[in-house]
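Colleague: Residues are numbered in our numbering as their position in the sequence shown, beginning at 1, plus a constant of 3.
If you're looking for bench data, these hints aren't it; they were derived computationally from the structure.
Possibly wrong hints are sitting among the right ones.
Cβ-Cβ distance ranges computed for the label pairs, FRET-style [what the hints assert, rightly or not]: (1) 257 with 113: 47 to 57 Å; (2) 259 with 198: 52 to 62 Å; (3) 241 with 304: 34 to 44 Å; (4) 46 with 259: 23 to 33 Å; (5) 47 with 93: 28 to 38 Å.
From a predicted model like this one, the values you see are computed outputs, not experimental measurements.
Beta carbons: idealized from backbone N, C-alpha and C, even for Gly.
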Amino acid sequence: MRAVLPLYYTAERTIMSGYQASPTIFLRPEEFAEDAESRLGRANGNTYQRKPGISNVHDGQIMIRLKKKRFIILDYGFIPNDHDHEIAKAVPHISIPNGGGTSKCATKDCPRIGVPVLLYDSEPNEPMSLYLRGGLCFSCQRNLNEKRRTQRKRKSDGLTVGEVRIGGGMPSIGSAPGNGGSRFKFNDQIVELNPDAVVINGPVDGARTRGPDYRCPEIGSDLLRIASELSHETLSLLQHSSGVQTGMEQPVVTTSSVNAMYQKAFLSVSKATFLLTQWKASWDENIAANIAQTTAAEAATASANFDSRVLDEAVASATATMHAEGFPDQLGFPGHAQGPPALGGPLPAGTMQNNNDRHVEI
Numbered sequence: 004m005r006a007v008l009p010l011y012y013t014a015e016r017t018i019m020s021g022y023q024a025s026p027t028i029f030l031r032p033e034e035f036a037e038d039a040e041s042r043l044g045r046a047n048g049n050t051y052q053r054k055p056g057i058s059n060v061h062d063g064q065i066m067i068r069l070k071k072k073r074f075i076i077l078d079y080g081f082i083p084n085d086h087d088h089e090i091a092k093a094v095p096h097i098s099i100p101n102g103g104g105t106s107k108c109a110t111k112d113c114p115r116i117g118v119p120v121l122l123y124d125s126e127p128n129e130p131m132s133l134y135l136r137g138g139l140c141f142s143c144q145r146n147l148n149e150k151r152r153t154q155r156k157r158k159s160d161g162l163t164v165g166e167v168r169i170g171g172g173m174p175s176i177g178s179a180p181g182n183g184g185s186r187f188k189f190n191d192q193i194v195e196l197n198p199d200a201v202v203i204n205g206p207v208d209g210a211r212t213r214g215p216d217y218r219c220p221e222i223g224s225d226l227l228r229i230a231s232e233l234s235h236e237t238l239s240l241l242q243h244s245s246g247v248q249t250g251m252e253q254p255v256v257t258t259s260s261v262n263a264m265y266q267k268a269f270l271s272v273s274k275a276t277f278l279l280t281q282w283k284a285s286w287d288e289n290i291a292a293n294i295a296q297t298t299a300a301e302a303a304t305a306s307a308n309f310d311s312r313v314l315d316e317a318v319a320s321a322t323a324t325m326h327a328e329g330f331p332d333q334l335g336f337p338g339h340a341q342g343p344p345a346l347g348g349p350l351p352a353g354t355m356q357n358n359n360d361r362h363v364e365i
């Protein structure tokens, strides 16, 4: 199946029409379709070196499989120019992170380029790959990934992260008295488990942990898909094993085939259980955030209402005081006692003024 991306080709050709004099490293789909189909493996983490790197400078151009259908093409040796930045803004499958093609690897004493240019992402709506945001050259990032993978496989009180163990098959730090179960250390506390206990230690077989880009809607979608798969797997297991249970000669059933189908169904159960807990935790976090937001809004409204009420009461109090004290009477507030007329002012009715009567006493 050849990669087809009309949007990519149309957008690139439109932008590139004004920059014919400046070559670009960005690829058209037909340039890497055969590599994606024939040379890049299908498993998560498979890589294909499209262009060689330069020792102690950069790791070249590499195609990486992130999921069954998703892959990316990174170039650690390309320094983008202004024209390339314009193309990246218009084509969602292309990205130039800050420092792309210029920033050195974050590993101490590593001289290679640590931030590549993303030439193509088959699923641009997915989260940015760690190869782009980790700040490490391809070699150092690959070594770090392997180190983390090894650490996840290490025993943590006898149980590997992401592994499911059942009952007595789980290593323990001792036996629980009376019930034949086992004791485990969990968060510095001793926990006693029944012999038939099932422990799911973290994400199982690629199941994701909740995060900013993986909340209730996304978790719910994956959960429904896995639950549907579980229904079919369980039905197949029961139908397949019925020959053994009833003594029928057909279909031919072996212990190994039943065990394989059982493990497949049990794995789906474990993944669904883990995702259900992640969905609930995400839902709780969302409710808590909404409550906090509502509480903050109510507090802000109450504070504003209180300030407005205090201001109104202060104005009313000041007005009442002015009325009570008759101040200022010369402003003619109604209800205020009138003082003696000012010199030269009008006299009360019935009163005549004789300017000749005015005299000055010395």
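Colleague: Evaluate each hint against the coordinates.
Modeller: Against the structure, the hints:
Separation of residue 257 from residue 113 is about 53 Å and conforms to the stated range, judged on CB atoms against 47 to 57 Å. At roughly 25 Å, the beta-carbon separation of residue 259 and residue 198 lies outside the given 52 to 62 Å, and the hint is violated. For residue 241 and residue 304, the Cβ-Cβ distance of about 59 Å falls outside the hinted range of 34 to 44 Å, so the restraint is violated. Look at residue 46 against residue 259: about 24 Å separates their beta carbons, and that is inside 23 to 33 Å.
Taking the beta carbon of each, residue 47 and residue 93 are about 30 Å apart, inside 28 to 38 Å as hinted.
Hints 2, 3, counting from the list given before, are not met by this structure.
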